[in-house]
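Chain residues, written in single-letter form:
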Amino acid sequence: MPAPLGGVRAALAVRGLERSFGHVRALRGIDFALDAGDSLAVFGPNGAGKTTLLRILAGLLRPHRGEVLLDGSPLERTDAAHRRRVGLIAHYSLLYDGLTAAENLAFYARLYGLRGRETLVTRALESVGLADRAGDAVGTFSRGMVQRMAIARALLHEPWIVLLDEPFSGLDQRAAVTLRELLMRLRAERRTMVLVTHNIDEGLELATHVAIQVAGRFAEFGPVAGDLAAYRGRYAEATASHG
Amino acid sequence: MGELLRAAWAIAAKDVLLEFRSRTAFVSALVFTALVLAIFNFARDPTAVSAVDLAPGILWITFTFAAMLGLNRAFGLERENRALDGLLLSPVSRTAIYLGKVLANLVFVGSVEAIALPLFALFFNVPILPVLGPLVLVIALATVGFVAVGTLMSSMAVNTRLAELMLPVLLLPFLVPPVTAAVQMTARLFAGRPFSEVSAWLRLLVGYDIIFVAACILFFESTIEE
Amino acid sequence: MTPIEAFERARRRSAVWIGVGLLLMATVYVRALVFTPVEAVQGPAQKIFYIHVPSAWVAFLAFGILGVTSAFYLFLKDPRVDLFAASTAEVGMVFTTAVLVTGPIWGKPIWGTWWTWDARLTLTLFLWFVVLAYLVLRTAVHEPGQRARYSSVLGILGALLVPFIHVSVYLFRTMHPMPVVLRPGKPTLPGAMLATLLFSFAVFTLFFAALLWHRYALARLADARARAQAERADA
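Protein chains in written order, with the working numbering: chain L, 1 to 243; chain F, 1 to 226; chain Z, 1 to 235.
Among these hints, one or two may not hold up.
[Claimed, not checked] Label pairs and their computed distance ranges (CB to CB):
1) Z:231 to F:164: 49 to 59 Å
2) F:20 to Z:105: 46 to 56 Å
3) F:39 to L:18: 49 to 59 Å
4) Z:20 to F:140: 18 to 28 Å
[Claimed, not checked] EDC-like, lysine to aspartate or glutamate: derived pairs with alpha carbons at most 20 Å apart:
5) Z:77 to Z:223
6) Z:108 to Z:39
7) Z:77 to L:67
8) Z:77 to L:18
9) Z:77 to F:226
10) Z:77 to F:225
11) Z:77 to L:76
12) Z:77 to Z:8
13) Z:77 to F:3
These aren't lab readings, by the way, just hints derived from the structure by calculation. Bear in mind that the values here come from a model prediction, so they are computed numbers and not experimental data. Quick reminder that beta carbons are idealized off the backbone N, C-alpha and C, glycines included.
Using the sequences plus the hints, can you model the full thing?
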């Protein structure tokens with residue numbers, strides 16, 4: 001059930017988003033709005049279209065219908081200014097295994113045209129606890145370290161919208177805890193976040209809003225109301241009715 | 001414009017650094033080149049056909065096939081960890097991505113050519129020094145043409161299952177004008193003919209470069225954006 | 001009428017026209033073999049020219065249509081345009097192959113060899129390779145949107161390539177002169193032969209149009225069925 005749209009200049013608003021791949025309708029009309037500092041957790045089974053939604057928000061995919069509004073203005077794929085405001089953390093790292101940690105970050109700093117590259121890179125590595133591995137090739141890193149690198153890369157250009165695609169997948173306990181801490185810090189910094197996952201146990205504590213996405217639509221969307229058990233119930237219900 | 005070139009340069013530099021570290025494609029291309037040149041040398045009858053007659057064709061076959069070993073590399077390395085998404089997420093224009101890849105491929109192919117050419121002169125006993133200037137110009141022009149088209153084709157080929165096979169299938173027809181022109185001009189240069197004789201071929205080659213570089217820049221976005 | 005029914009009807013109708021086209025083809029054969037004078041220099045072998053030249057005309061027409069529709073797709077992003085382009089490529093492939101087969105059949109009795117690097121045949125050969133690349137690319141890409149984009153880019157680049165290959169072959173020939181027997185003499189063709197040729201042009205064009213219509217209807221039909229199936233799976 002679509003929620004009423006936010007104020008005129010909601011930080012992130014989505015209207016009537018539709019997208020198909022051939023005859024497969026991945027998104028059948030998504031509507032929501034978030035204010036600055038809100039965190040949306042989107043739960044949904046595989047095939048619900050969560051990654052498609054995220055890729056459209058990131059500007060990597062063009063919707064067939066509908067629009068995405070950042071601060072009230074439409075997200076044009078070709079608009080470089082908009083891309084600076086968005087960061088993506090996924091379960092793949094977007095890094096080059098053959099380059100060192102420092103080289104990877106320096107490259108991204110160049111792509112984003114950031115000044116003071118060296119200090120930026122050092123500080124980013126320190127913030128994720130990888131300063132001592134700056135000169136090591138990313139290909140030698142463990143999964144948890146790679147995820148931390150991915151976060152450092154995603155936040156390098158200080159995006160105020162952070163998108164997360166199954167960020168906890170493949171992480172062990174320790175790495176998951178580190179990731180959770182980092183994300184809580186982002187939330188404290190009042191960045192707008194959208195996290196998609198099929199695992200309802202991850203991400204609920206980070207969220208101010210929750211959506212349940214099934215078969216290309218939001219079965220529900222609204223501020224967090226109730227605890228994990230309550231959501232588990234509703235999630236099971238929503239996914240069952242779509243078999 | 002400046003930002004475009006700077007971004008392209010950053011991407012090219014990153015690619016060259018990565019290739020330099022792993023060296024696999026470069027070494028394969030060099031080994032391939034040496035083998036092809038050696039085999040061609042043994043495959044002909046020196047009393048029946050002189051080296052100078054066959055040489056231009058052999059040189060260009062070697063260049064183009066060695067180049068094709070490396071062309072898929074440019075977008076192939078963006079597939080690990082979905083690094084291409086990283087490029088597309090950033091504010092750099094798609095044209096900068098294309099130009100960066102072309103530049104990196106030019107460095108790769110140019111390096112192979114720079115090593116293959118002296119080898120070729122050695123194996124086939126062809127006097128390249130007297131015509132080195134014009135020869136390098138011809139090689140440069142033809143290389144720009146087929147690398148530009150090859151880079152675009154590889155952006156599509158790497159997304160298919162048999163990428164190594166798909167690239168030649170897509171690219172070879174497009175090599176006909178530049179390679180034919182290059183072979184004809186190379187042959188005349190080796191034969192010591194005056195440059196005026198090849199002016200028609202030169203115009204064909206330059207025309208091809210201009211039209212296809214422009215077309216590839218224009219259409220690259222369609223191959224990369226969804 | 002549902003889309004599927006509409007396309008079924010188009011399929012049946014176009015099949016009728018294909019039948020008409022085949023019948024007319026037969027009359028072309030009869031006219032060429034029986035009612036057209038034998039050419040003085042080349043003898044009966046020349047008669048294949050009434051098949052060869054119109055095939056070449058259709059092949060190049062198809063290629064031109066492919067280039068234009070590819071450009072339209074990139075502007076409009078309409079999947080129907082992509083299906084039309086793909087149909088044109090397939091049908092065009094048939095006629096291009098016909099040119100490459102009839103050319104040597106014509107050339108062998110006259111020159112003694114199956115293949116010479118005649119200007120037009122060489123150009124057609126490279127056209128054939130480009131259309132082949134187009135069809136292979138389509139089978140290698142599964143997502144329909146990506147397939148359409150890739151095909152369109154290749155279609156446009158292929159169309160751009162044609163003049164360059166033509167010039168390459170022309171320059172090559174002027175450096176290495178070759179017999180020019182395989183040139184359809186245009187205004188110098190005597191009345192009866194010209195009439196047969198023009199008749200053949202008309203028949204071939206009609207046949208091409210019928211085949212294209214039919215192939216396009218089949219493509220739209222398959223697409224409509226796939227959509228219906230996807231919609232049923234949703235419900």
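Outcome of the hint check:
no. : hint                       : verdict
1   : Z:231 to F:164: 49 to 59 Å : 39 Å, violated
2   : F:20 to Z:105: 46 to 56 Å  : 55 Å, holds
3   : F:39 to L:18: 49 to 59 Å   : 57 Å, holds
4   : Z:20 to F:140: 18 to 28 Å  : 56 Å, violated
5   : Z:77 to Z:223              : 16 Å, holds
6   : Z:108 to Z:39              : 16 Å, holds
7   : Z:77 to L:67               : 18 Å, holds
8   : Z:77 to L:18               : 16 Å, holds
9   : Z:77 to F:226              : 11 Å, holds
10  : Z:77 to F:225              : 13 Å, holds
11  : Z:77 to L:76               : 17 Å, holds
12  : Z:77 to Z:8                : 25 Å, violated
13  : Z:77 to F:3                : 30 Å, violated
This entry does not satisfy hints 1, 4, 12, 13, going by the numbered hints stated previously.
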